[in-house]
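Since each chain comes alone in its own frame, lean on the hints to assemble the complex.
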Amino acid sequence: MSYALELRDVRKSFGKTEIIRGASLGVNAGERVAIIGPNGAGKSTLFNLISGRFGITSGDILLHGQSLAGLSPFQINRRGLSRSFQVSNLFIRLSVFENIRCAVLWSMGYKYSFWKFLADMRDANERAEEVLQMIKLERRRDVLATNLTYAEQRALEIGITIAGGASVILLDEPTAGMSKSETARFVNLIREVTVGKTLLTVEHDMGVVFGLADKIAVLVYGEVIAFDEPAAVRANQRVQEAYLGSVLADAQAAEAGH
Amino acid sequence: MTSIHESRLHQHFRRYNGGRWVVWGLYALVLAVSPLVFTSSLSLTMLSQIGIGIIACLAFNMLLGQGGMLSFGHAVYSGLGSFFAIHALNLVAAGKFNIPVSLVPLVGGAAGLLFAVLLGYVTTKKAGTPFAMITLGVGELVAAMALMFPGFFGGEGGINGNRVIGKAVLGISFGPQGQLYYLIAVYCFVCTALMFAFTRTPLGRMLNAVRDNPERVEFIGYSTQHVRYLAFMASGLFMGIAGGLGALNFEIVTSEVVGAARSGAYLLFTFLGGAVFFFGPIIGAVLMVLALVLLSELTQAWLLYLGLWFLFMVMYAPGGISSLIMMNLRLASFGKLSRLWTAYLALAGLAFVILVGAAAMIEMVYHLQLNQALGPEMKFMGATLNAKGFDSWFGAAFVLLTGLAMFELTRREFVRQWSVIQVEIEHEIKQREALA
Chain A
1 MSYALELRDV RKSFGKTEII RGASLGVNAG ERVAIIGPNG AGKSTLFNLI SGRFGITSGD
61 ILLHGQSLAG LSPFQINRRG LSRSFQVSNL FIRLSVFENI RCAVLWSMGY KYSFWKFLAD
121 MRDANERAEE VLQMIKLERR RDVLATNLTY AEQRALEIGI TIAGGASVIL LDEPTAGMSK
181 SETARFVNLI REVTVGKTLL TVEHDMGVVF GLADKIAVLV YGEVIAFDEP AAVRANQRVQ
241 EAYLGSVLAD AQAAEAGH
Chain B
1 MTSIHESRLH QHFRRYNGGR WVVWGLYALV LAVSPLVFTS SLSLTMLSQI GIGIIACLAF
61 NMLLGQGGML SFGHAVYSGL GSFFAIHALN LVAAGKFNIP VSLVPLVGGA AGLLFAVLLG
121 YVTTKKAGTP FAMITLGVGE LVAAMALMFP GFFGGEGGIN GNRVIGKAVL GISFGPQGQL
181 YYLIAVYCFV CTALMFAFTR TPLGRMLNAV RDNPERVEFI GYSTQHVRYL AFMASGLFMG
241 IAGGLGALNF EIVTSEVVGA ARSGAYLLFT FLGGAVFFFG PIIGAVLMVL ALVLLSELTQ
301 AWLLYLGLWF LFMVMYAPGG ISSLIMMNLR LASFGKLSRL WTAYLALAGL AFVILVGAAA
361 MIEMVYHLQL NQALGPEMKF MGATLNAKGF DSWFGAAFVL LTGLAMFELT RREFVRQWSV
421 IQVEIEHEIK QREALA
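Chains as they are written, first to last, in our numbering: chain A, 1 to 258; chain B, 1 to 436.
These are calculated hints, taken from the structure and not from any lab test.
Beta carbons are placed, not taken as given, at the ideal position from N, Cα and C, and that holds for glycine.
It is possible that some hints are incorrect.
[Stated by the list, open to error] From chain B, some residues computed to sit far from chain A (all C-beta separations above 10 Å):
| # | residue |
| --- | --- |
| 1 | A28 |
| 2 | A32 |
| 3 | A127 |
| 4 | I134 |
| 5 | N162 |
| 6 | A168 |
| 7 | F189 |
| 8 | G204 |
| 9 | G221 |
| 10 | N328 |
| 11 | L329 |
| 12 | A346 |
| 13 | G357 |
| 14 | Q372 |
[To be verified] Label-pair distances were calculated between CB atoms; the ranges are:
| # | chain 1 | residue 1 | chain 2 | residue 2 | range |
| --- | --- | --- | --- | --- | --- |
| 15 | B | N90 | A | E129 | 53 to 61 Å |
| 16 | B | W24 | A | S179 | 47 to 55 Å |
| 17 | A | G55 | B | Q300 | 53 to 61 Å |
| 18 | A | T149 | B | E413 | 29 to 37 Å |
| 19 | B | Y316 | A | R185 | 55 to 63 Å |
Okay, chain B solo, but in the shape it has when bound (with noise of 0.2 Å):
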């Protein structure tokens, strides 16, 4: 079903193109208001790894949605970028190199580029499962090398970087966060413009085709091989620009950048944003810093809480949250969308009940296992549960287990009411092309 509601979707949004210019341009102005409008020295750190995490999995998306390669070490070519950025700026810093720090994420891009080249080559051998389990092996390779030589990867302490090099330029040292805010919008929206460029090319079009059916590339003059390897290349290439970008942002690398956890966030965070559109990798951006900065702040549970949001959507949304927007856009063009507010008001409540419960329940298992010196008295969104007590857990269930009863009823209604509407666009749909 929902396979067949996202391919009418491609179809619809097709035709409007018109308003592009519009997009890019609220794209630039989001980019270059956001700082005046969130002020604090938080959120503009956010704001800047928001920035390097967009170009990031916009380039992850390029193999994940674009060309159907799932990657699971693709951390080694953002990594990498940023270790050569990071000794790039050190050289600067000792004279002997010379080159604006503005340049700086341009050195990462070649070193991500360089390695797609190198390490591309084996990976884009083969297509499919073989292809993950070859990612998976060449992340590994390189998370054990980093650890192998301390000279250049800085064993555990990493490698330490000062992105202020000699005098201000027009007043700009790129020491202040917001200076270097600007500059990574910058490069994030060149390369945003530039990936996007991308799928409209000739070479863009065929990584599609590889995507849906490489069989039959082969048996219209294209090498499938050839066509992922290229991509592999120019996806390495904004990996690496993002990974220089890194650098410059936090004055230190460490051999964390190239682990397997920075790729698996890369690639659920693409997912949750939707690999199907090409914004989607730009909301799983926000989403990733957000819950990377503000979720791990909020509990110690964030990474269960993530795992079991993954899983929900991988079960009920599989074309990601830009997915869910633009299949909402389709009815709001069609003059539908007014019908079903009520029924996402009580989804949007009913969730949040579930969620209260599930969440009481969880933090009272984390507070016993963690917190036990503290007693068995916890504070859970204002109220104070007693982790040990009946009451509490009754309680936390009875929540749960009503929450989701309720939802489970609601839903129904509203998958109900949704049918009827597609139907019925269906059909108008159907009408005007008998009129056309």
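Isolated chain A (complex conformation) (with noise of 0.2 Å):
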């Protein structure tokens, strides 16, 4: 059985730098997976290695089994990958609900259609509508994205990224900047609106780590250390000598208190 996603010694340079050693990594379809590892370690690079963004230098990213070495982005969301971003990046003069449509209209079939209305795609404007009530923004549907408030936009973020039905979705650091409750909350909505999916997420918050995934891979200096369920990252020898007592350890250290 071929994997969902698949990374096969994936190296990346910039210059003289090699930012991606030979990670390799094989998600089977409907896991949900949280890359963690310490700062500098190459996640928010793989994941743009992953969509696209940036180019491999060598190894290969396969798709379903398919090669995506060479795609770009749009080609690859198109294959059924849809990613998220670490800082939102929404288009801030349209509405929520025109931001959604738009995620929605490629994998609807419209492509770069002008001889038909948006208004009359009743199958777009209802994909639309639905994920605007995933995303419990239904109320806020007219609103510009410039003026909702941080979490609201962190939700659009994760709404235009299931928009389209992509099967894997690569979320980055979803719930960077948020509270506490909203956190808490944040980690519902993820987990309702990717069932059925492949998830991949980048996250530094170890309770949304182990809330939300079903494995963890722990990425260091551009190599996936460790890759298992979380009670076997958690005792694995090596990860706890990478984090030097850091992330991981306050983390365990937390739960023993309770």
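Structure follows, in structure tokens:
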């Protein structure tokens, strides 16, 4: 059986500096994977490579068994992989509804058509309304994206990512900058909207990681040093060394304290 | 501040779509009735040019306002449309090409489209500043070509044509300016409607998305380059139609029509009218013809006045006149416009005082530079000024400075009132949202 997403010895250099140094990973369909690692480990770079923002230097990335090498972001998106951004990346002068509808159009087959009115596209409009409800922004439907609160913008960011119905979803620090209560609500939202999808997320908040992920991949200096279920990763000696009593140990200590 | 106002504005006006048929009906009515109200031959000429200008400015704004693409060389597409249309007209006259004169503008449109396909492919490979640079380069290239190939472009004299061909059909020969005006008006209405329809289609919406955030567009399945290219072609088509109508209107096409000055005029007046709203360029086109035809008759320094006006608009009202209108309509819809009319009256009066002071000085400088032979005495708004006398200069400077000082004081008070009203409106909106 082929993986939903597979990385084979992926390498990426910027100039002489190798940022990703032979990362390999195989994610099964329907799995939720959290990618963790110290700052500068290359987590965001890895996402940029998978989504086609940067080209890889060597190795291969496969989506449902097909190589993504050399494809542009929009071609990769059309094959069913969608990503969100760490800093909200919205269409700021369009309304919330229009933002979502833009994200729906290609997957509904409307492409570059200029002979049909948007208002008449019932399937696209219904899908957009449905996504609005999923991300709980239906009451903000006609507000311009630039006028949303921070948490609402993060929700819209997720909405745009999932609207096209991609089977593999990449979320780059979806809860960054949110308060504790917002984060808890947001984790639930992410779980709801990604039912049945393959999910990869970069996350710093260990609460989110353990709450959301079936599996954890630990990225250190551009290499995946562990990829397993949360309990096994927690017990992993190399992982503990890599973190040197930092994030993960803190989380463990906090948990032991309960 | 302005951008927040504008964005709120958008939201607000999206809700009032019921009146759309009324607006389009009024637009058709104005196009139809104008020549009956303004009957002089000068006004008929100007109305014809306005109709052509509206198509051109709206087509230009497909790129500027809707796609965030700043073109410095868009006269290329209207201009080449003009040349192909006038050649087509001459072929028809010679009996070598058989189409009605009323369809000759479509030949211009086809030429505009063809060159947008060819040149746009290179241009739209880039966005932002590189895009603007390439349009500038292409514009210079075509302008240079126009002088290198006199066979096609007619050299300095241009190409002449005659729009009256054969017998009149149903009394229509397009000879009289009035008949041609109605042809232009029909094209103008249809093209406006088509360009508005374009904004309601998937491609039109994705063009907005490319303007707002090209990077994200690539991650929702669309190629930004492709979106830009298609929009560029659509723009080129309508620019070409405008050019074709221009050829019929003037019956002569010279190399100026592809020149940088023409491109600059499209940019300047589209901006003055306002690129944010669809109807902005329509206002821009009206201003363009008024400035090019009337203002240039009124004073030799018209380009200087135009430049100053442009400068002030960029600084204080970057959304153009259409944005100013919409902001005040928003106030009116909340019943708060009446509180500002005294301030507007004062601002308008003082702006006029500033204009008088500044214009007196500008006109004196121009008089000294250009009309030396006539002596230092000159007429200005009914008064006689001595361009070399201390009194005239002192008087003009006094009027200008007093006007500026008073204007600034009034403006501060106005800005204060304006923000108070905006806060009130925001408050009302919040209340309504809470109730909804």
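Okay, the hints, checked on the actual structure:
The claim that A28(B) is not at the interface with chain A holds, since no C-beta of that chain comes within 10 Å of its own (minimum 21 Å). Its beta-carbon lying about 27 Å from the closest one in chain A, A32(B) satisfies the requirement of being farther than 10 Å from that chain. No beta-carbon of chain A comes within 10 Å of the beta-carbon of A127(B); the shortest separation is about 15 Å. Distance check for I134(B) against chain A: the nearest CB is about 21 Å away, which clears 10 Å, and the non-interface claim stands.
With a cut of 10 Å on Cβ distances, N162(B) stays outside the contact zone with chain A, its closest approach being about 37 Å. Interface exclusion of A168(B) from chain A stands, the closest Cβ pair being 36 Å apart, more than 10 Å. With a minimum CB-CB distance of about 19 Å to chain A, F189(B) clears the 10 Å threshold, and the non-interface call stands. Non-interface status of G204(B) relative to chain A is broken: a Cβ of that chain comes within 10 Å, the nearest being about 7 Å off.
With a cut of 10 Å on Cβ distances, G221(B) falls inside the contact zone with chain A, its closest approach being about 3 Å. Non-interface status of N328(B) relative to chain A is upheld: no Cβ of that chain comes within 10 Å, the nearest being about 20 Å off. Every CB of chain A lies more than 10 Å from the CB of L329(B), the least distance being 18 Å, so the non-interface label holds. Here A346(B) stays apart from chain A, with its beta-carbon at least about 33 Å from theirs, past the 10 Å limit.
No beta-carbon of chain A comes within 10 Å of the beta-carbon of G357(B); the shortest separation is about 39 Å. With a cut of 10 Å on Cβ distances, Q372(B) stays outside the contact zone with chain A, its closest approach being about 53 Å. A C-beta distance of roughly 56 Å is found between N90(B) and E129(A), which places it inside the suggested range of 53 to 61 Å. Checking the proposed 47 to 55 Å range against W24(B) and S179(A) shows it holds: the Cβ atoms sit about 49 Å from each other.
A C-beta distance of roughly 59 Å is found between G55(A) and Q300(B), which places it inside the suggested range of 53 to 61 Å. At roughly 33 Å, the beta carbons of T149(A) and E413(B) sit within the given window of 29 to 37 Å. About 43 Å separates the C-beta atoms of Y316(B) and R185(A), a value inconsistent with the hinted range of 55 to 63 Å.
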